[in-house]
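Novice: Listed here are the chains, written in short residue letters.
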Amino acid sequence: MSDLRVLILAGGISHERDVSLKSGRRVADALTDAGVSTEIREPDGELVGHLMATRPDVVWSTLHGAVGEDGSLQNLLQLAGIAFVGSGSAGARLAWDKPVAKVLVARQDIKTPESIALPKSSFRELNAESVLAMVGTELGFPLVVKPAKGGSAQGCAKVSEPKSFAKAMVDAFAYCDQVMIERFIVGTELAVSVIDLGDGPIALPAVEIVPDSGEFGYSERYTPGQTNYYVPARLDDEVLTEAARIAVAVHSSLGLTQLSRVDLIVDESGEIWFLEANVTPGMTETSLFPQAVLATEATLPKTYLALVKLAQKS
Amino acid sequence: MTKTRADGVTNFDAWKHSYAARAENLSVSEVRALFAVVSRPEVVSLAGGMPDVAALDTELIEKAFASLMSNRKDLALQYGGGQGDLRLREQIQEIMALEGIHSSVEDITITTGSQHGLELVSDLFLDKGDVVLVEAPSYVGAVGIFRHKEAHIAHVYTDEHGISPQALAETADRLTAEGKRIKLLYLVPNFANPSGVTLTADRRLEVLEICKQRGILIVEDNPYGQLYFGEKPPNAMRSLDEQNVVYLGSFSKILSPGLRVGYVLAPPAIREKLVLANESAILSPASFAQMLVSEYLSIADWQKQIGTFRDLYQTKRDAALQAVEQFLPKVHTTRPDGGFFLWLTLPEGLNSKEMLPLAVTELVAYTPGTAFFGDGRGADNIRICFSHPTADNVRVGIERLSRVLNQQIDLLETFGKRD
Chain W
1 MSDLRVLILA GGISHERDVS LKSGRRVADA LTDAGVSTEI REPDGELVGH LMATRPDVVW
61 STLHGAVGED GSLQNLLQLA GIAFVGSGSA GARLAWDKPV AKVLVARQDI KTPESIALPK
121 SSFRELNAES VLAMVGTELG FPLVVKPAKG GSAQGCAKVS EPKSFAKAMV DAFAYCDQVM
181 IERFIVGTEL AVSVIDLGDG PIALPAVEIV PDSGEFGYSE RYTPGQTNYY VPARLDDEVL
241 TEAARIAVAV HSSLGLTQLS RVDLIVDESG EIWFLEANVT PGMTETSLFP QAVLATEATL
301 PKTYLALVKL AQKS
Chain V
1 MTKTRADGVT NFDAWKHSYA ARAENLSVSE VRALFAVVSR PEVVSLAGGM PDVAALDTEL
61 IEKAFASLMS NRKDLALQYG GGQGDLRLRE QIQEIMALEG IHSSVEDITI TTGSQHGLEL
121 VSDLFLDKGD VVLVEAPSYV GAVGIFRHKE AHIAHVYTDE HGISPQALAE TADRLTAEGK
181 RIKLLYLVPN FANPSGVTLT ADRRLEVLEI CKQRGILIVE DNPYGQLYFG EKPPNAMRSL
241 DEQNVVYLGS FSKILSPGLR VGYVLAPPAI REKLVLANES AILSPASFAQ MLVSEYLSIA
301 DWQKQIGTFR DLYQTKRDAA LQAVEQFLPK VHTTRPDGGF FLWLTLPEGL NSKEMLPLAV
361 TELVAYTPGT AFFGDGRGAD NIRICFSHPT ADNVRVGIER LSRVLNQQID LLETFGKRD
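Chains W and V, in that order, are what the protein sequence lines are.
1 is the number of the first residue of the first sequence in our numbering; add one for each residue after it.
1 is the number of the first residue of the second sequence in our numbering; add one for each residue after it.
Simulated from the structure, these hints should not be mistaken for laboratory data.
Don't take every hint at face value.
Stated by the list, open to error - Only pairs whose alpha carbons sit at most 25 Å apart, straight line, appear in this in silico DSS-like list of lysine-lysine: (1) K149(W) <-> K353(V); (2) K353(V) <-> K330(V); (3) K111(W) <-> K163(W); (4) K120(W) <-> K353(V); (5) K353(V) <-> K163(W); (6) K353(V) <-> K158(W); (7) K167(W) <-> K353(V); (8) K111(W) <-> K149(W); (9) K330(V) <-> K167(W).
This structure is a prediction, so every number in the text was calculated from the model and none was measured.
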């Protein structure tokens, strides 16, 4: 049994609360197996007092959604001088905002699908109908509508024709005040997890995602049996090597540390496109990051313990 | 976490090929996941149909517990019979008498909540494709059971006086003419879940006659009958017809849903099969919970407790109606005389399911109307449960709901007519 005390934050008030709770329990299971003393806690009005009073050795946040991923929690922990697993506030802020992340990644000569991100107010002022018509013409159908911030594919939709466009916008704005409309790339969906155990970031084996329904939505992500995951992905070594390079480059260019998951798509010509980066990847039983860890022949307890120890040192 | 298989592919469900066909639709739902926030104290939940158990006299329950452990623990901690505890069944006779029902103790079967009773009845009667007639809207838990039995759910027009006899006859005759086999009419005649409406006495007689003529068994679900705010509702349909009605009762609303004790009153032939089905499914209903209820009924003035609930829920109902009037002036609501629920109809174009993420952000939860239909209807409806939050929180929740509606109206005005 290790002397380490790890506080796992899970739950919170977010659209992804359910996923966060599951992630938190899985992380706790693995760390407990590694001999670490864990406590799972909700972020609530008593959290700050609890942190200051107990000063855990390390905090591991599995909070999905704003408080956990927009950098604010990381900022608080940094200020309090409490070690935590994962990226600092600056990196989290950049990755959380998908349009911002795309701009920064594109500066590294990494391709990302053409897109536009607009707040609700712009549609109101500029006449939504004409904006959507223009965007549809310029980006072409199908296209992808997604909340500019958020995860688990909530509020995301593939729009194949103009008449479905407005509904997709309304659905996405229910999750976030800013919505991104992105050109749809036909190809192989990949999730490349990046981990840094002290020797610099490395890409774990890419996970290829093949949902039965054709779309990797909420149900396909979290219902066992609805999606086939291939690890490593069934692509040429050359493409996989490039995907790994890109994932690490994204991780570094956004200033991420310790762990992240980079979502990519490989089109029919073998071109690799960046979609988004996640600073708090899901850790549920069907999530992509743990799958990638296991594909390296490592174990989750050992890997998570290494992340915790590294966080404690830094 | 399952290790990825040697061939490099996994779907995390090694038994995918093995499930029964009816398990096909059991999948994770984004809408259901959004409800996870209701456990946070900041969120006002108008969603779950829960009683306000804080209004129970817990000293009496503790006393019942102590008495049970002193006097009957050998029986309470042991398996029981498949039909349920005899003393409790005798007490249930007394409770059902309040609804005008006179029955033999032999015809009562105790179940693990009345939901379990409905599951057993459905299992006895429904083959794939059989028709169940239900109100429009109908109880979500019943819709779920009928779906799982792969039954065809046919909603019958329902207004503020309950299910329409004329529509019932027309629907039944149309479906029969189409070659469909109608097995059951399921309804909640008193303060229905979710609509809050009560079937009038005249209509009860008409419905009984229509079903009798057509050989349709009525399943009368009556969890809210004693929770009236003014006039007592008409007697149970079962009080008028012993042969063609299966009656479901529950302690979940007049005592505690945590005990999971309900009951079914059925004609002898059906009851015989129910007991066997009960034994086959669970061996026996929980002895401890049954005997605790029985002890409680013996020592407590349970009718007084029901009176406390009535007064409390009436106050909350009034708060809910006032708040709807003040904050949701364009929304139509039913005005129930008992029970737990208001059924709201939203202005045209609003979709209660699509608004749920906004509700999470505004810290309020409700149940979208689509949950209460088996055919996709209900997008312009919301069920509000006023029984569980405090009256103040009912008001706060409805005020928050008005903000959700305003945001959605703003989006619809911005994006105009949608697909």
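Novice: Of the numbered hints stated earlier in the document, which are not met by this structure?
Specialist: 3
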